[in-house]
Amino acid sequence: MRLPVAGLSSRSLAWLIDAIIKGVVLTVGTTVLSILGYFGDALSFIGIFLGLWFYNVLFEVFNQGATPGKSAMGLRVMNANGTPVGWTGSMIRNLLRAVDTLPGCYALGCISVMLSKDFQRLGDLAANTIVVYAQNDAPDASLRNVQNEPVRVPLSPAEQQAVVSFGERAPRLNRERAEELATLMKPVFGEVDADRLRGHAAWIAGGEGKP
Amino acid sequence: MNLESVTAELRPRGPWEAMDLGARMVRRDAGVIYRTWFIVTLPLLILASLGILYLPVPGWVMLAYWWLEPLTDGPILHVVSQRLFGGATDTRSALRSVPAHARRNILFLLTPLRFHFARSLAIPVTQLEGLKGQKRRARARVLNNVALSHGIGLTTAYQHLMLCLYLGVILFGYLLVPEAYRDTLGSTWVGTFLGDGDTTTAGNLLTLYIFYIAQTILHPWYVGAGFGLYINCRTMLEAWDIEVAFRRMLQRRAARATAAAAFVAIAFAGVAEPGRAEVREFEPYWQPEVVEEATAAVFDDEALAQYETVEEWRPLNPDDDEEPAPDTSGLNHFFETLGRLASVIVEFGLWIAVALALLFAFVTRRRWLPYLRYEPGEERRPRQRIVLDSGVITAEELPDDVPDAVLGLWSRGKLREALSLLYRSSVFSTVAKHGVRLPRSATEGECVSAVKSQAPAALAAYFDKVVTAWLWCAYGGRAPAEETVQSLCRDWPSHYGSIA
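Going down the list, the sequences are from chains H and U.
Position in the first sequence (from 1) plus 47 gives the number in this note's numbering.
Position in the second sequence (from 1) plus 5 gives the number in this note's numbering.
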């Protein structure tokens with residue numbers, strides 16, 4: 048399994064988004080509650096306490112490791128071994144935010160993410176969690192309507208993969224480049240141009256190419 | 006450019022992942038990059054310090070220092086790109102590249118590009134490829150189609166992290182001020198940076214140096230991340246990874262049949278060098294409208310507006326909540342009274358909840374108190390529960406008279422059950438009566454070797470016989486002779502006595 052760990056840029060932007068959400072919700076909430084006088088203030092304080100300490104924990108535990116900011120950036124929190132993060136891990140990593148924030152403004156956390164091997168901040172190191180990019184497993188449909196061209200030469204799985212990715216990505220290449228790459232393949236497929244090579248790709252992707 | 010000597014795994018990545026790859030490249034060559042960085046920037050910093058000390062316009066000096074930041078991008082890009090394409094990198098060659106990079110497009114670098122929202126994505130085009138004018142614009146358009154919003158995101162992150170580190174250093178200084186001097190020294194320290202009207206020379210210098218610290222930490226990262234994004238764009242747009250895979254495919258065939266070698270050479274000769282030759286107007290091959298839609302979506306995204314929003318945001322300041330003036334008008338009075346009533350109820354409710362929690366804790370003390378008590382492992386014997394590889398043995402499931410029970414099962418034809426009972430009873434009694442310690446989830450073999458090393462030889466020999474009989478029956482499907490079982494049962498009491 049591939050776990051692409053996420054680094055500083057995406058994580059800090061995810062944090063920003065979460066901060067904005069928390070800020071808006073808490074501002075609106077406290078303003079509305081202030082109608083109720085001291086009782087409203089008390090509720091506000093409880094809300095602020097819960098919001099600041101449990102916003103991340105609750106989202107991470109119940110939303111597959113992703114707060115709204117993290118899902119906007121395509122991130123999720125996981126244990127370092129790839130299992131979903133649980134209450135303990137999430138609590139530890141989020142309580143230690145207090146340390147990562149030192150001396151204010153997340154300077155320690157930022158430096159820790161830059162230096163640690165898997166881009167972990169101190170809370171992640173303590174809880175043994177990582178932040179990874181959520182994988183997009185949707186199959187590429189771009190070969191579905193392409194005329195199949197049978198492949199007559201044996202290809203290893205890696206070579207089949209290369210031809211299929213050519214077929215999938217050819218529409219996004221410029222024409223000359225696509226033809227240039229197809230020309231490269233002449234010794235293998237004989238007379239072949241970009242369209243024909245795409246046809247080969249469609250034939251392989253259709254499941255006919257298993258050696 | 007030789008794609009096959011590339012020292013990173015080329016494949017199309019997500020844009021953020023590509024930035025992380027760039028950051029890792031910077032980290033890989035951090036030594037060379039930072040040596041070059043200090044050699045290039047320290048003279049500038051000294052010049053700027055002198056300017057602040059001796060010129061009447063310290064603000065302009067700081068602005069100039071900030072403005073010249075892109076001069077350091079060249080050498081960083083040089084190191085990272087040389088290394089990516091398999092070249093050697095050392096500080097000397099990086100330093101030698103500085104003048105050349107500085108001469109390249111210097112005006113463009115310092116004017117429009119200085120304020121480019123996705124600067125680190127755009128810099129490689131001018132600094133590495135050295136493109137100008139029409140060609141540069143064409144290349145930039147291609148890159149922006151794919152990654153402009155992510156480039157802007159990277160710059161946003163960079164600017165905010167700069168602010169974080171800048172404020173972080175200031176706050177760190179404030180934390181070091183002893184409590185007693187917070188009002189005097191501490192507020193002077195903070196006031197120095199807030200610039201209350203008259204900024205002192207010391208304040209300006211400190212501002213410059215703290216900015217320099219933040220820049221030193223983050224700037225190489227920013228340039229590297231942008232380079233990663235740039236490389237990823239070109240990998241996607243020009244299918245570098247596919248070219249590498251195709252060439253490998255050809256090599257494999259060439260190696261297999263020498264006759265094919267001639268073919269490959271012809272094919273190679275016919276292929277234009279990728280890279281510079283690729284600078285052409287972007288012509289979408291199959292679906293131009295898809296690309297146009299995506300581009301439109303990027304600009305409809307109001308990524309720029311997001312930047313503004315972020316700048317405006319301030320932490321929640323409780324002081325802003327206005328104390329509601331005592332207002333006796335009907336509705337407010339109603340809410341006021343309602344709030345007071347509710348707060349009394351809730352306060353009582355909370356105390357009752359606390360009392361209930363304490364009561365609950367007291368009632369269930371038998372359950373949780375043992376967890377708080379210190380219990381050394383030795384005291385726990387005789388153990389009532391043993392975990393083996395094949396299952397768990399508890400005292401309750403074992404009969405008082407083991408030989409009798411075993412023979413009973415045997416005579417009823419339940420050979421396997423009989424031997425299983427004999428084995429489990431022996432293990433249990435060995436642990437309970439002779440104090441042998443087994444590893445958790447021990448297998449039969451591990452039991453035997455544990456008993457051999459910890460118990461008298463006679464017992465070990467007997468135990469070995471029991472286990473052998475059990476193993477033959479359980480895994481070999483071969484029941485022992487009846488005499489063997491009878492003799493094992495006869496000897497059982499002499500080794501273990503009775504269970505109870």
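Warning: the hint list may mix true and false statements.
To be verified - Across the chosen pairs, the derived CB separations fall in these ranges:
no., chain 1, residue 1, chain 2, residue 2, range
1, U, Gly-64, H, Leu-105, 44 to 52 Å
2, H, Gly-94, U, Leu-168, 25 to 33 Å
3, H, Asn-175, U, Arg-119, 15 to 23 Å
4, H, Gly-76, U, Arg-390, 36 to 44 Å
5, H, Gly-94, U, Arg-319, 41 to 49 Å
6, U, Thr-369, H, Asn-128, 45 to 53 Å
7, U, Ile-218, H, Thr-130, 19 to 27 Å
8, H, Asp-165, U, Ala-466, 20 to 28 Å
9, H, Asn-175, U, Asp-409, 33 to 41 Å
10, U, Phe-177, H, Lys-164, 36 to 44 Å
11, H, Asp-165, U, Trp-71, 29 to 37 Å
As the list claims (entries may be wrong) - With a straight-line Cα cutoff of 25 Å, these simulated DMTMM-like cross-link-like pairs (lysine to aspartate or glutamate) come out:
no., chain 1, residue 1, chain 2, residue 2
12, U, Lys-140, H, Glu-196
13, H, Lys-233, U, Asp-406
14, H, Lys-164, H, Glu-223
15, H, Lys-233, H, Glu-223
16, U, Lys-419, U, Glu-317
17, H, Lys-233, U, Asp-496
18, H, Lys-164, U, Asp-496
19, U, Lys-140, H, Glu-223
20, H, Lys-164, U, Asp-394
21, H, Lys-233, U, Glu-243
22, U, Lys-457, U, Asp-394
23, H, Lys-164, U, Glu-22
24, H, Lys-69, U, Glu-294
25, U, Lys-137, H, Asp-242
Simulated from the structure, these hints should not be mistaken for laboratory data.
Keep in mind it's a predicted model, so treat the numbers as computed, not measured.
Glycine included, each C-beta is placed from N, C-alpha and C at the ideal position.
Going through the hints against the structure:
Look at Gly-64 (chain U) against Leu-105 (chain H): about 47 Å separates their beta carbons, and that is inside 44 to 52 Å. Take Gly-94 (chain H) and Leu-168 (chain U): their Cβ atoms lie about 28 Å apart, and the range 25 to 33 Å holds. Between Asn-175 (chain H) and Arg-119 (chain U) the CB atoms are about 42 Å apart, so this pair departs from the stated range of 15 to 23 Å. The beta-carbon spacing between Gly-76 (chain H) and Arg-390 (chain U), approximately 52 Å, falls outside the hinted interval of 36 to 44 Å.
Distance hint for Gly-94 (chain H) and Arg-319 (chain U): a CB-CB separation of about 19 Å, inconsistent with the stated range 41 to 49 Å. Between Thr-369 (chain U) and Asn-128 (chain H) the C-beta distance comes to about 35 Å, which lies outside the given range of 45 to 53 Å. For Ile-218 (chain U) and Thr-130 (chain H), the hinted distance range of 19 to 27 Å is not satisfied, since their beta carbons lie about 39 Å from each other. Remark: the range hint 20 to 28 Å for Asp-165 (chain H) to Ala-466 (chain U) is contradicted by a beta-carbon distance near 53 Å.
Separated by about 53 Å at the C-beta atoms, Asn-175 (chain H) and Asp-409 (chain U) break the suggested range of 33 to 41 Å. Look at Phe-177 (chain U) against Lys-164 (chain H): about 25 Å separates their beta carbons, and that is not inside 36 to 44 Å. One distance hint, 29 to 37 Å for the beta-carbon pair Asp-165 (chain H) and Trp-71 (chain U), holds here, with the actual separation near 33 Å. With a CA separation close to 38 Å, the supplied pair Lys-140 (chain U) and Glu-196 (chain H) exceeds the 25 Å bound.
For the given pair, Lys-233 (chain H) sits about 84 Å from Asp-406 (chain U) by alpha-carbon distance, which is inconsistent with the 25 Å threshold. Among the hinted pairs, Lys-164 (chain H) with Glu-223 (chain H) is inconsistent with the structure: their alpha-carbon atoms are about 41 Å apart, more than 25 Å. A C-alpha spacing of about 16 Å is found between Lys-233 (chain H) and Glu-223 (chain H), which places the hinted pair at or below 25 Å, so the restraint holds. Our distance criterion of 25 Å between C-alpha atoms is broken by Lys-419 (chain U) and Glu-317 (chain U), whose separation comes to about 81 Å.
A hinted pair counts as satisfied when its Cα atoms are at most 25 Å apart, and Lys-233 (chain H) with Asp-496 (chain U) does not qualify at roughly 83 Å. For the proposed pair Lys-164 (chain H) and Asp-496 (chain U), the alpha carbon gap of about 61 Å is over 25 Å, so the pair is violated. Note on Lys-140 (chain U) and Glu-223 (chain H): the hinted pairing holds, with a Cα-Cα distance of about 17 Å set against a maximum of 25 Å. For the hint linking Lys-164 (chain H) to Asp-394 (chain U), the alpha-carbon distance of about 38 Å lies beyond 25 Å, and the restraint is violated.
Note on Lys-233 (chain H) and Glu-243 (chain U): the hinted pairing holds, with a Cα-Cα distance of about 19 Å set against a maximum of 25 Å. Distance check on the hinted pair: Lys-457 (chain U) and Asp-394 (chain U) sit about 19 Å apart at the alpha-carbon level, within 25 Å; holds. Between Lys-164 (chain H) and Glu-22 (chain U), the direct Cα distance comes to roughly 15 Å. Compliance with the 25 Å bound is thereby established for this hinted pair. Between Lys-69 (chain H) and Glu-294 (chain U) the alpha-carbon distance is near 38 Å, which puts this suggested pair outside the 25 Å criterion.
With a CA separation close to 34 Å, the supplied pair Lys-137 (chain U) and Asp-242 (chain H) exceeds the 25 Å bound.
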